[in-house]
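Starting from the given sequences, assemble the full structure and let the hints guide the process.
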Amino acid sequence: MNKQSKETKPGFWDRVGIGLSGICAIHCLLVPVIVALIPLWPAFEEFHEYTHFIFFIAIAPAVYMSLRRRHQTPKITLLLISGLFVIFLAWYFNEMLGEYGEAGITLIGSILLITGHWLNYKSKSKVEA
Numbered sequence: 010m011n012k013q014s015k016e017t018k019p020g021f022w023d024r025v026g027i028g029l030s031g032i033c034a035i036h037c038l039l040v041p042v043i044v045a046l047i048p049l050w051p052a053f054e055e056f057h058e059y060t061h062f063i064f065f066i067a068i069a070p071a072v073y074m075s076l077r078r079r080h081q082t083p084k085i086t087l088l089l090i091s092g093l094f095v096i097f098l099a100w101y102f103n104e105m106l107g108e109y110g111e112a113g114i115t116l117i118g119s120i121l122l123i124t125g126h127w128l129n130y131k132s133k134s135k136v137e138a
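Converting from the sequence shown to our numbering requires adding 9 to each position, the first position being numbered 1.
No lab work stands behind these hints, which were simulated from the structure alone.
Every residue gets a Cβ at the ideal spot worked out from N, C-alpha and C, and that includes glycine.
Keep in mind that the hints are not guaranteed to be accurate.
What the hints assert, rightly or not - Computed beta-carbon distance windows for the label pairs:
no.	residue 1	residue 2	range
1	Y73	I120	16 to 22 Å
2	G113	K84	20 to 26 Å
3	M74	G107	31 to 37 Å
4	I90	G113	16 to 22 Å
5	F62	K84	25 to 31 Å
6	F102	G31	19 to 25 Å
7	G107	G28	25 to 31 Å
Spelled out as structure tokens, the structure:
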């Protein structure tokens with residue numbers, strides 16, 4: 010059995026991170042539209058309060074697994090850790106930021122994460138090629 014068959018495919022965690030960060034970004038862009046369209050929004054506020062924390066918990070393992078390998082450039086590590094930190098801050102300060110501020114900050118975190126995962130994926134592809 011070769012090493013690759015024992016572990017996940019190269020770039021798997023970067024693809025997971027890109028997907029989760031993309032879902033998080035889409036969520037932030039759609040929430041204002043959904044709020045305007047759903048008259049029963051107060052029933053969903055309890056769930057929405059924890060959404061960013063749930064995204065943080067889901068994204069953190071993808072960042073960790075992607076960073077297990079040493080990088081030639083610290084830029085990738087900085088992008089991934091700062092993106093995760095920004096999403097955490099958006100959740101932690103959600104009351105102070107308001108709905109649109111929280112969505113904007115989370116969108117910034119998602120963009121940082123997507124960029125970091127993409128660069129990490131590309132750097133792994135170059136090494137394996």
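Taking the hints in turn, this is what the structure says about them:
{"no.": "1", "hint": "Y73 to I120: 16 to 22 Å", "result": "holds, 20 Å"}
{"no.": "2", "hint": "G113 to K84: 20 to 26 Å", "result": "holds, 23 Å"}
{"no.": "3", "hint": "M74 to G107: 31 to 37 Å", "result": "holds, 33 Å"}
{"no.": "4", "hint": "I90 to G113: 16 to 22 Å", "result": "holds, 20 Å"}
{"no.": "5", "hint": "F62 to K84: 25 to 31 Å", "result": "holds, 27 Å"}
{"no.": "6", "hint": "F102 to G31: 19 to 25 Å", "result": "holds, 23 Å"}
{"no.": "7", "hint": "G107 to G28: 25 to 31 Å", "result": "holds, 28 Å"}
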